[in-house]
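Student: Chains as they are written, first to last, in the numbering used here: chain R, 1 to 335; chain X, 1 to 335; chain E, 1 to 335; chain P, 1 to 335.
Don't read these hints as lab results, they were simulated from the structure. Ideal Cβ placement from N, Cα and C applies to all residues, glycine included. Incorrect hints may appear among the rest.
[As the list claims (entries may be wrong)] Covered stretches of chain R (in silico footprint by chain E; criterion: 3 or more residues with CB under 8 Å from a CB of chain E, positions within the stretch not fixed):
#1 121-133
#2 246-255
[Unchecked claim] Pulled a few chain R residues facing chain X out of the computed Cβ check, cut under 10 Å:
#3 Gly86
#4 Gly234
#5 Asp236
#6 His259
#7 His261
#8 Thr266
#9 Gly268
#10 Ile271
Number of protein chains: 4
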Amino acid sequence: MIRIALFGAGAIGAVHASNVAANPDCTLAYIVDPQLARAESLAAQHDATALPDADTVLRDTSLDAVIIGSSTNAHEAQLLATVAAGKACLCEKPLADSLEGAARCLQAARAAGVVAAVGFNRRLDGQYREVFDRVRAGELGQVEMLHVASRGNRAPAPETAPLSGGMLREKGTHFYDLVCWIAGSDPVEVYAAGACRVDPRFADYGDIDTATLTLRLADDTLATFDFGRRTAFGQDELIEVFGAQGMLVSGRQRDGDVHLHAGHQTVGPGIHHGWHDRFADSYVEELACFVRALNGEASVHATLADAVRAQAVAEAAVVSNRENRPVRVEPIWEH
Amino acid sequence: MIRIALFGAGAIGAVHASNVAANPDCTLAYIVDPQLARAESLAAQHDATALPDADTVLRDTSLDAVIIGSSTNAHEAQLLATVAAGKACLCEKPLADSLEGAARCLQAARAAGVVAAVGFNRRLDGQYREVFDRVRAGELGQVEMLHVASRGNRAPAPETAPLSGGMLREKGTHFYDLVCWIAGSDPVEVYAAGACRVDPRFADYGDIDTATLTLRLADDTLATFDFGRRTAFGQDELIEVFGAQGMLVSGRQRDGDVHLHAGHQTVGPGIHHGWHDRFADSYVEELACFVRALNGEASVHATLADAVRAQAVAEAAVVSNRENRPVRVEPIWEH
Amino acid sequence: MIRIALFGAGAIGAVHASNVAANPDCTLAYIVDPQLARAESLAAQHDATALPDADTVLRDTSLDAVIIGSSTNAHEAQLLATVAAGKACLCEKPLADSLEGAARCLQAARAAGVVAAVGFNRRLDGQYREVFDRVRAGELGQVEMLHVASRGNRAPAPETAPLSGGMLREKGTHFYDLVCWIAGSDPVEVYAAGACRVDPRFADYGDIDTATLTLRLADDTLATFDFGRRTAFGQDELIEVFGAQGMLVSGRQRDGDVHLHAGHQTVGPGIHHGWHDRFADSYVEELACFVRALNGEASVHATLADAVRAQAVAEAAVVSNRENRPVRVEPIWEH
Amino acid sequence: MIRIALFGAGAIGAVHASNVAANPDCTLAYIVDPQLARAESLAAQHDATALPDADTVLRDTSLDAVIIGSSTNAHEAQLLATVAAGKACLCEKPLADSLEGAARCLQAARAAGVVAAVGFNRRLDGQYREVFDRVRAGELGQVEMLHVASRGNRAPAPETAPLSGGMLREKGTHFYDLVCWIAGSDPVEVYAAGACRVDPRFADYGDIDTATLTLRLADDTLATFDFGRRTAFGQDELIEVFGAQGMLVSGRQRDGDVHLHAGHQTVGPGIHHGWHDRFADSYVEELACFVRALNGEASVHATLADAVRAQAVAEAAVVSNRENRPVRVEPIWEH
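Hey, can you work out the whole structure from these sequences and the hints?
Tutor: Structure below.
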């Protein structure tokens with residue numbers, strides 16, 4: 001039985017807490033959040049101990065691992081403390097709010113020799129995993145281009161941008177990672193063009209809500225990204241991988257298959273309402289994969305080096321958008 | 001250059017007239033219709049001679065072929081006169097308003113030794129032809145079941161039922177033929193259950209507007225048919241062919257591929273508005289095939305024996321619906 | 001906490017056992033099966049007591065309800081004993097192996113005044129429920145025709161036919177019920193044409209493996225059914241509901257949305273592999289609905305009268321297939 | 001009857017020749033091509049006069065209009081001569097091989113006061129026209145992002161790049177135009193990242209075969225483009241228009257609707273094989289629209305100012321790709 005502490009009792013923390021509680025191989029021992037009330041509320045549901053900070057927790061020698069689901073600006077310090085205490089770690093992305101911070105996390109975890117994974121849960125989504133498997137198996141021949149659309153169904157509050165790192169980091173790291181992982185090539189240069197079309201207050205907090213990016217990989221594969229912060233129709237995600245021998249499309253999943261024929265239209269189901277509807281299963285699978293890694297049965301699904309690589313793209317994209325020029329991706333991740 | 005006369009200047013006659021006029025290998029010499037005014041109107045468009053009856057036409061030794069596109073109750077007499085005059089013949093379905101009449105047509109055409117085809121144009125529709133080719137090539141293994149849905153977008157006038165022979169003949173023969181042709185087996189018994197749900201006046205004319213049928217073929221393949229006289233959404237046609245190794249579905253063709261994502265719906269294009277939108281190409285191909293047969297380059301796409309076979313099903317279905325019992329199909333078509 | 005006994009430790013019993021175990025409002029107290037070894041094996045997984053017969057169980061005054069998931073030929077006696085003991089009952093379909101037996105079950109449950117439901121789980125499938133809701137809300141206007149395709153991915157062993165009642169009962173009752181429930185009309189006459197195409201041994205056990213049916217409802221709505229015992233491509237289920245103002249199609253659910261474009265093809269996901277993949281959720285929901293009914297918060301999703309109605313169709317279909325004639329449905333269900 | 005001369009007897013010239021010949025309101029008087037043999041061959045098919053140069057043609061006072069379908073590097077001189085002779089003009093895109101040249105064309109045509117259109121035939125494709133109409137009607141609310149994928153099924157010969165202007169001009173102008181036209185906003189800045197992945201010889205001729213672009217419009221709408229020179233699966237075209245109230249997708253048109261269910265796959269029709277299969281109708285409609293404009297019944301579907309606007313994007317994209325920086329689009333088109 002693996003004993004786990006959860007850092008962060010917000011939305012993503014609640015997802016992890018439920019999954020740990022439901023996993024027969026784990027026990028949820030602690031929930032840590034400086035907002036103690038919400039830690040207590042979540043802990044009460046899952047029979048865990050709520051605490052406002054991590055110190056006691058990390059001294060508990062019977063604790064095996066920590067899941068870090070706090071806001072981005074807290075990740076680095078918590079990860080460094082966790083690995084220093086010799087605990088395994090599954091950290092939400094991005095690892096840190098700077099590239100240097102992310103690199104420090106990677107170095108510290110390697111030095112500590114603990115199992116460490118980053119929460120790129122989409123790698124464990126059935127559709128994305130299928131695309132990866134088939135591309136890596138050579139079904140498309142040489143990959144030449146990728147396209148990603150990702151738009152959340154509802155915008156976060158603009159004032160959370162400083163906590164999350166903004167759209168190019170918070171949303172972006174998932175997709176920079178997916179593109180490199182699927183294509184099997186490292187990023188070299190990014191150009192990002194952003195705008196505020198959804199809500200002008202994002203600009204007040206130094207963020208954008210609409211962006212298009214072009215990413216060049218080391219083998220000259222090119223990728224485009226369409227990012228947005230809200231839609232009128234659900235959680236919009238699409239990935240196209242174009243290769244010399246064909247194209248794989250991971251489409252917008254429909255919510256069922258009931259169609260109405262009437263008038264000169266065919267009205268079908270919409271896409272998934274939101275992020276959690278679409279990806280709940282992938283978080284369950286992420287935890288299962290982390291458990292297998294702790295048991296020595298498998299590798300983690302995404303390493304801290306993968307996280308640093310994605311963050312290197314994110315930091316370059318932020319500069320690119322600010323300075324309106326293509327920016328080289330700093331190659332510091334060392335797989 | 002093949003010289004062709006057209007009998008019948010109604011809706012289907014107009015389709016044939018346009019196609020003959022546009023075919024570089026044919027000349028439309030005559031249009032014959034007892035309603036002379038409509039014959040003249042159509043003839044004027046295509047530079048043909050309009051006549052109220054067939055006598056002069058069939059005595060024209062330079063005439064090669066006749067397309068019979070008149071109402072069903074006129075087919076038999078016109079076909080017998082045509083083949084007696086030694087002219088080739090492409091006759092709309094059904095061949096006659098009785099099974100005996102259809103059999104007389106088959107015998108007379110065989111005795112005359114002329115090229116004779118029946119207007120089962122759907123055999124030349126791209127989708128249906130593809131299904132046929134792939135089934136006959138063995139892609140499904142042994143065929144076990146078929147399902148047909150066919151509903152026109154707009155009901156004919158109920159008072160035309162005596163002219164057309166009613167839904168089980170006029171619509172039905174197309175699909176009895178398709179099912180036997182695709183399955184490669186002859187019909188042995190049919191059960192038809194009809195109703196008037198669209199317009200009670202169909203009952204006044206001895207017809208129905210809604211029907212479900214079950215047809216058993218000689219090799220125990222079973223087929224269901226859903227027939228209706230109008231829809232709220234276009235020309236509805238679907239064929240499913242189920243076999244031991246897979247299933248081929250010829251679906252409802254969408255009219256383009258533009259989709260709107262909005263709210264919790266995806267709104268796509270409707271199906272083809274009507275019969276002609278959906279099948280215009282197949283009539284062009286039918287004429288081309290007839291021309292090839294006249295030139296000795298190919299067989300006709302559907303023989304009069306095929307027509308008799310389909311009509312044998314239709315006549316049994318009419319009795320079945322009237323007497324509410326399964327009825328054997330009289331096996332008189334002799335391929 | 002509702003204490004539940006499960007009768008029957010076969011495939012469907014295992015599904016119910018897992019769902020009861022996972023439902024926070026229920027306890028699985030007993031598993032009863034004359035094959036004691038499989039009862040014990042299943043009971044061990046869920047911390048229940050295994051017994052070879054029901055007597056002790058039904059005398060346990062703390063027991064609230066019984067789920068009957070044994071083979072069809074055992075249903076009637078178990079249901080009568082259960083309701084006689086004053087226990088609530090969720091019984092798999094069909095209720096009995098004769099219409100009279102089913103009627104006795106209905107009468108006994110009514111006399112006992114207990115909550116009683118039949119396992120028409122498809123009523124709680126998301127797609128079918130959506131079709132029902134939208135049809136009953138009037139979205140299609142007057143319903144005129146329905147079509148059902150249902151083919152399991154893998155045939156049962158032919159020798160189980162006497163236990164299950166055969167395809168027209170075991171598979172059929174689900175779909176006779178769905179059609180009447182969606183259309184909102186009672187069945188009046190059925191015609192069934194069966195064949196053995198999958199495995200000739202079904203005939204040795206008095207069963208068929210391929211069937212087409214036509215069902216007429218009281219308001220002259222007509223339905224066709226295509227039933228088969230195995231496919232080369234998964235659990236095949238389709239329902240079309242055609243009405244005066246449109247058509248709703250509950251299509252074959254695809255397993256994801258990844259498409260490959262290559263050559264002159266587009267290769268997409270297949271349909272669900274089997275019955276359990278497709279309908280697992282509906283069994284969870286069925287139990288939740290039963291619990292709500294036991295708590296007085298809702299009606300059962302399908303009553304024993306619904307079960308008798310579906311069985312009346314099944315029994316008429318069996319006669320129809322045997323005697324090759326349409327057969328009236330005996331109207332004994334009294335809603 | 002409108003008398004038309006065609007300049008250019010290559011692939012696109014042949015398309016125009018057939019359409020003019022088939023249009024009842026037009027006569028194809030001349031076909032002009034310095035490669036006289038191919039002009040003669042095409043002229044023989046359509047009963048026109050073949051000539052090696054335009055002088056005689058433009059002096060023919062009975063000539064109404066010229067369709068310029070020669071290679072890009074010949075467009076400007078031919079267009080200037082045509083409008084100087086007072087003839088109407090439908091010119092293939094791009095107008096010229098420099099932005100200045102395109103501007104000269106626009107000025108000359110305006111000065112001459114003739115009807116002048118550019119061959120942006122995709123504006124008359126049914127799907128793209130539908131997207132335009134619905135977006136302009138406000139169905140999406142404010143447009144925020146667009147995505148275009150366009151990949152031809154077969155790469156042109158690399159050595160034609162100097163004649164065509166290269167991919168960013170020859171292919172690109174269609175899509176820069178569509179994006180601005182649909183969005184209703186002018187282009188302001190473009191970033192283009194190109195590569196040679198299909199055939200390294202494109203680089204030898206100063207061209208690329210793979211490119212991703214980001215285009216910013218005046219209202220901050222952002223568009224991404226994925227361009228490629230060959231696919232393994234047909235003529236790949238997709239347009240997504242994302243707005244505040246929904247998203248319209250003009251999808252990859254399938255070639256029919258026959259699906260095979262077998263194994264754990266569903267195999268459907270591929271997309272259109274090539275450019276002509278997909279867009280043949282739009283060229284017919286383009287000619288019809290040009291004829292209506294000549295008859296004073298309608299505006300041209302795309303003006304020379306539209307052509308200059310698209311070319312301004314193309315020229316900026318060429319610089320962007322060469323210098324690896326975003327480049328402002330020179331605003332010289334004056335609607």
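Student: Does each hint hold? Answer for all of them.
Tutor: Quick rundown of the hints versus the structure:
no., hint, verdict
1, 121-133, "holds (count 4)"
2, 246-255, "holds (count 9)"
3, Gly86, "violated (48 Å)"
4, Gly234, "holds (7 Å)"
5, Asp236, "holds (8 Å)"
6, His259, "holds (8 Å)"
7, His261, "holds (4 Å)"
8, Thr266, "holds (5 Å)"
9, Gly268, "holds (5 Å)"
10, Ile271, "holds (7 Å)"
Checked against the numbered hints given earlier, the structure breaks only hint 3 and satisfies all the rest.
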